[in-house]
Amino acid sequence: MQSLKNAAAVIGVGNTAYGNFPHIDEYGLAAEAFRNAVNDCGIDKNEIDGLVVCRIPYYARMGEVLGLDPRWTLTLPPHGRMSGIGIIEAATALAAGHCKYVALMYANIGRSRRVNYGGDESPGVWDPFGFTSPGAAHAMAFQRHMQLYGTTTRQLAEVSVAIRHHACLNPDAVMQKPISIDDHENARFITAPLRLLDYCLINDGAVCMILTTADRAKDFKKKPVMISGFGGQESFTRSSISNFDMDFWHPAVKSAGEQAYGMAGVGHADIDGLMCYDNFSPTVLFSLEGLGFCKQGESGSFVEGGTLKLGNKLPVNTDGGHLSNSYMQGWALNVEAVRQLRGECGARQIPDCEVVQYVQATPCTRSIIYTRG
Amino acid sequence: MSYNKPLPKIDPVNQGFWDNAKAGKLSVQNCKACGDKRYPASPVCPKCLSSDQEWVTVSGKGTLESWVDFHRAYWDGFKGDLPYRVCLVKLAEGPVMVSNLVGPSDNAKVGAAVAVVFDAVTEDVTLPKFKMV
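Those protein sequences? They're chains D and X, same order as listed.
For the first sequence, the working numbering assigns the number 1 to the initial residue and increments by one for each residue that follows.
For the second sequence, the working numbering assigns the number 1 to the initial residue and increments by one for each residue that follows.
No wet-lab data here; the hints were simulated from the structure.
Do not rely on the hints blindly, as some may be mistaken.
[As the list claims (entries may be wrong)] Per the computed footprint, the stretches of chain D lying under chain X, defined by three or more beta-carbons under 8 Å from a beta-carbon of chain X, are:
#	stretch
1	181-188
2	257-266
[Claimed, not checked] Which residues of chain X face chain D? A few of them, derived with a C-beta cut under 7 Å, are:
#	residue
3	Y3
4	N4
5	P6
6	W18
7	W55
8	D76
9	Y84
10	V86
[What the hints assert, rightly or not] To list a few chain D residues with every Cβ distance to chain X over 10 Å, as calculated:
#	residue
11	F21
12	G42
13	P77
14	S133
15	R238
16	I241
17	M246
18	G297
19	G305
A virtual CB, placed ideally from N, CA and C, is assigned to each residue, including glycine.
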């Protein structure tokens with residue numbers, strides 16, 4: 001693993017607008033994000049010989065649409081935990097020499113096509129009890145956290161409030177109206193203890209990242225952003241309750257984080273910004289504990305007083321995250337990490353940003369540490 | 001009125017569980033080779049990979065590990081029940097199950113004792129649910 005430190009770099013990023021686009025499909029959205037990423041770095045698109053597609057129906061059609069015959073292709077299922085996997089696999093494929101330039105694309109048309117999460121036609125093992133939806137699983141986890149550690153919903157609200165604050169500094173974010181802790185507490189319950197403002201958005205859009213090896217990365221328009229460390233750990237042996245872990249994925253996040261810190265040679269104090277998978281607000285608390293920004297059970301008090309807001313101790317999800325920017329299942333957070341390290345973030349820019357960490361606390365936990373090239 | 005909530009998809013691997021539930025018995029899958037116990041069922045033992053599996057009756061006693069109250073009906077059949085409570089129970093024998101907490105549960109807390117009750121929702125299907133004890 002250590003030999004992969006700074007072996008690969010991000011040279012281009014692009015995205016579409018985020019919203020409701022019923023007249024365009026995944027290929028159209030992904031192609032727009034791809035074009036923006038190509039223009040961002042100035043690469044001749046025909047040089048791209050590696051392709052990663054996620055939540056895009058058919059990789060070959062994607063290649064056809066973009067006019068690409070790559071040497072290496074990876075297709076990922078439409079689960080909200082594949083971005084970290086895709087980026088790490090692309091970095092290792094580049095280091096192994098499978099390809100020279102990889103384009104990674106993600107597209108989502110769930111808003112305009114009215115995709116529902118929960119209440120599936122084909123019954124799962126717990127459906128007869130009315131237990132369904134990723135949100136309910138996170139509600140059950142947070143209820144447990146409240147019981148074991150005394151965490152409160154007002155503390156949980158700090159997550160949604162800080163991330164909404166960031167969305168209001170990002171003109172491209174879907175949500176633009178600030179919220180308060182009281183707004184969170186007064187929002188309607190969906191699966192108590194979780195309320196509407198604990199849930200991520202569902203919107204259409206696409207994201208593209210272009211990666212290459214460190215030596216090739218110097219030849220493009222912008223300074224590269226290095227992939228300096230990464231780590232991963234699955235939690236499959238207790239996965240019959242989807243999106244739930246009895247121990248809040250703590251062992252997995254701890255392991256993935258330690259791998260990433262060790263490889264990058266950085267520690268908590270070096271992290272200028274954290275891009276944290278926020279499908280539901282409790283995931284952020286679980287991630288902070290697993291990574292060791294605070295002890296297990298202490299995330300509630302850790303986030304009190306706006307800890308996660310720009311300008312304070314640990315800015316989290318400066319683009320507005322899944323909760324308030326866009327539901328790009330981790331991909332947009334990785335793009336935000338790149339833009340922060342380039343200094344392109346305007347009103348939401350983290351000053352002197354040198355190290356940004358991405359983490360997804362899910363059954364496939366991953367963390368990636370990006371640094372300025 | 002016909003039952004309009006989701007029903008279990010019964011297959012050869014989980015058939016024994018639902019047969020036992022219909023007979024008023026809660027059971028978990030037991031590995032005859034190594035004694036590993038689990039629910040839901042698996043085609044082979046995740047510990048030793050043996051295919052030699054059986055269903056064994058358990059005490060029906062357990063502890064409450066968490067719960068969630070649904071304020072949204074993801075299926076029409078649950079509309080009349082809102083809000084309804086789903087619980088997570090760790091059985092005394094080890095396996096963890098999702099079910100419903102029925103009866104009074106205002107004093108719910110993690111670690112509280114619960115016991116199985118059976119709800120014959122159709123002629124063929126009986127759901128094991130839990131109550132506070």
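Just want to verify: D:I241 was marked as not at the interface with chain X; is every Cβ pair farther apart than 10 Å? violated (6 Å)
Minimum Cβ distance from D:M246 to chain X greater than 10 Å, as the annotation requires: violated (7 Å)
X:Y3 as chain D interface residue, shortest Cβ-Cβ below 7 Å: Violated, because the Cβ-Cβ distance from X:Y3 to chain D comes to roughly 10 Å (cut-off 7 Å).
Status of the stated non-contact between D:F21 and chain X (beta carbon gap over 10 Å): holds (26 Å)
Would the non-interface assignment of D:G305 survive a Cβ cutoff of 10 Å against chain X? holds (27 Å)
Using the nearest Cβ pair, does X:V86 come within less than 7 Å of chain D? The hint holds - X:V86 has a Cβ within 7 Å of chain D, the shortest such distance being about 5 Å.
Hint validity - X:W18 Cβ closer than 7 Å to any chain D Cβ: Cβ of X:W18 sits 10 Å from chain D, so the hint is violated.
10 Å cut-off, C-beta based - D:S133 kept clear of every residue in chain X: violated (6 Å)
Hinted contact X:N4 with chain D - closest CB pair below 7 Å: X:N4 check fails; min Cβ-Cβ to chain D is 12 Å, beyond 7 Å.
Is it correct that the beta-carbon of D:G297 has no partner in chain X closer than or equal to 10 Å? holds (13 Å)
Verify that the Cβ of D:R238 lies farther than 10 Å from every Cβ atom of chain X, and report whether the claim holds or is violated. violated (8 Å)
A closest beta-carbon separation below 7 Å is what the hint needs, so does X:W55 meet it against chain D? Since the shortest Cβ distance to chain D is 15 Å, the answer is violated.
Taken one by one, the earlier hints fail for this structure at numbers 1, 2, 3, 4, 6, 7, 8, 14, 15, 16 and 17, listed in ascending order.
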